[in-house]
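Protein chains: 2
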Amino acid sequence: MTLDGPKAWSALRPGETTTDRPISADATVQFIGTIGAPWASAQDCPKQGDAAGGPICFIELVPHLAPTLSGLRPGARLQLLYWLHLARRDLLLQSPRSDGNLRGTFALRSPLRPNPIASSLVRLIDIDGPVLSVRGLDCVDGTPLLDIKPEFGHLTGVAA
Amino acid sequence: MTLDGPKAWSALRPGETTTDRPISADATVQFIGTIGAPWASAQDCPKQGDAAGGPICFIELVPHLAPTLSGLRPGARLQLLYWLHLARRDLLLQSPRSDGNLRGTFALRSPLRPNPIASSLVRLIDIDGPVLSVRGLDCVDGTPLLDIKPEFGHLTGVAA
Chain S
41 MTLDGPKAWS ALRPGETTTD RPISADATVQ FIGTIGAPWA SAQDCPKQGD
91 AAGGPICFIE LVPHLAPTLS GLRPGARLQL LYWLHLARRD LLLQSPRSDG
141 NLRGTFALRS PLRPNPIASS LVRLIDIDGP VLSVRGLDCV DGTPLLDIKP
191 EFGHLTGVAA
Chain G
41 MTLDGPKAWS ALRPGETTTD RPISADATVQ FIGTIGAPWA SAQDCPKQGD
91 AAGGPICFIE LVPHLAPTLS GLRPGARLQL LYWLHLARRD LLLQSPRSDG
141 NLRGTFALRS PLRPNPIASS LVRLIDIDGP VLSVRGLDCV DGTPLLDIKP
191 EFGHLTGVAA
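Those sequence lines, one after another, are chains S and G.
In terms of our numbering, the first sequence opens at residue 41 and continues consecutively.
In terms of our numbering, the second sequence opens at residue 41 and continues consecutively.
Every clue listed holds true.
Derived contacts from chain G toward chain S, CB cut-off under 7 Å, selection only:
#1 V69
#2 S110
#3 G111
#4 L186
If you anchor each label on the Cβ, the simulated ranges turn out as follows:
#5 S:D60 to G:D139: 47 to 57 Å
#6 S:R61 to G:V171: 12 to 22 Å
#7 G:G140 to S:Q88: 36 to 46 Å
#8 S:P103 to G:D181: 36 to 46 Å
#9 G:D181 to S:G169: 37 to 47 Å
A few chain S residues that don't get close to chain G, going by computed Cβ distances all over 10 Å:
#10 A51
#11 P78
#12 S81
#13 C85
#14 G140
#15 D166
#16 D168
The hints are simulated quantities; they were obtained by calculation from the structure and are not laboratory data.
Glycine included, each C-beta is placed from N, C-alpha and C at the ideal position.
Same shape as in the complex, but just chain S (with noise of 0.2 Å):
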């Protein structure tokens, strides 16, 4: 059993099942800020964030990145992604609602994954230097962040 990050995210489930495989490091991540949120561990977190309504967070980000913020107003859309880093990575089979019915990693947004990087739409409301307040947000406070991308295109990616 591989675990990464201070602590696994979760106990095993009756009938999870884990790959004791090494988690192989092909390429580095860099940590381009961090999202201040209200929920201070992961059982606090919704399940899902709220762009309309959700809680206002703040991303801080690094700040010799400011510039690659220009051309951003607020009210538009993002994609954020980010890395969970308290999540285990070595779940194969998942029961989400520990009701035994397993399924595999990869049929679910379960934040326990291979690669654990979250991906969320969000709006955003302002921003202020290198700090970007935004609506959307799921994850513990002190989240690392990975990328926004204007969300633009993605949505069409897929004939509705």
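Let chain S serve as the given structure and place chain G on it in line with the hints.
Just chain G, lined up with the frame of chain S:
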């Protein structure tokens, strides 16, 4: 100027700005599979995938992760995250149309970004053991895969 991968995706255009800070290695990602696509170079790739009419691409999952696909069905819409291994990571301001109209990297969905992770929505056509066929990708043949997520829940994260 810091390059990542065997070569830069492209040369700099007029006005484009880079950082000379080294890329920090804050976490590691593991490649969970490889994408087979009909495009041999970045210049050949479409700007965006087409999940309805685009060509079929193949994903060959790392064999020991095959159980993670349990519960996925042909016809499903999936979000894929993949690692743009040829992309340079040091651009702060970019001019995608070479018109001198500069925007920050995070105001663009350009492949050239601090963490070159692409996100596309695709249609799952078939599953054959550890091989998935999908429509909707836009990347170079041999691109490493990072994650497969069902689409559900993602598009409803932002109120229309």
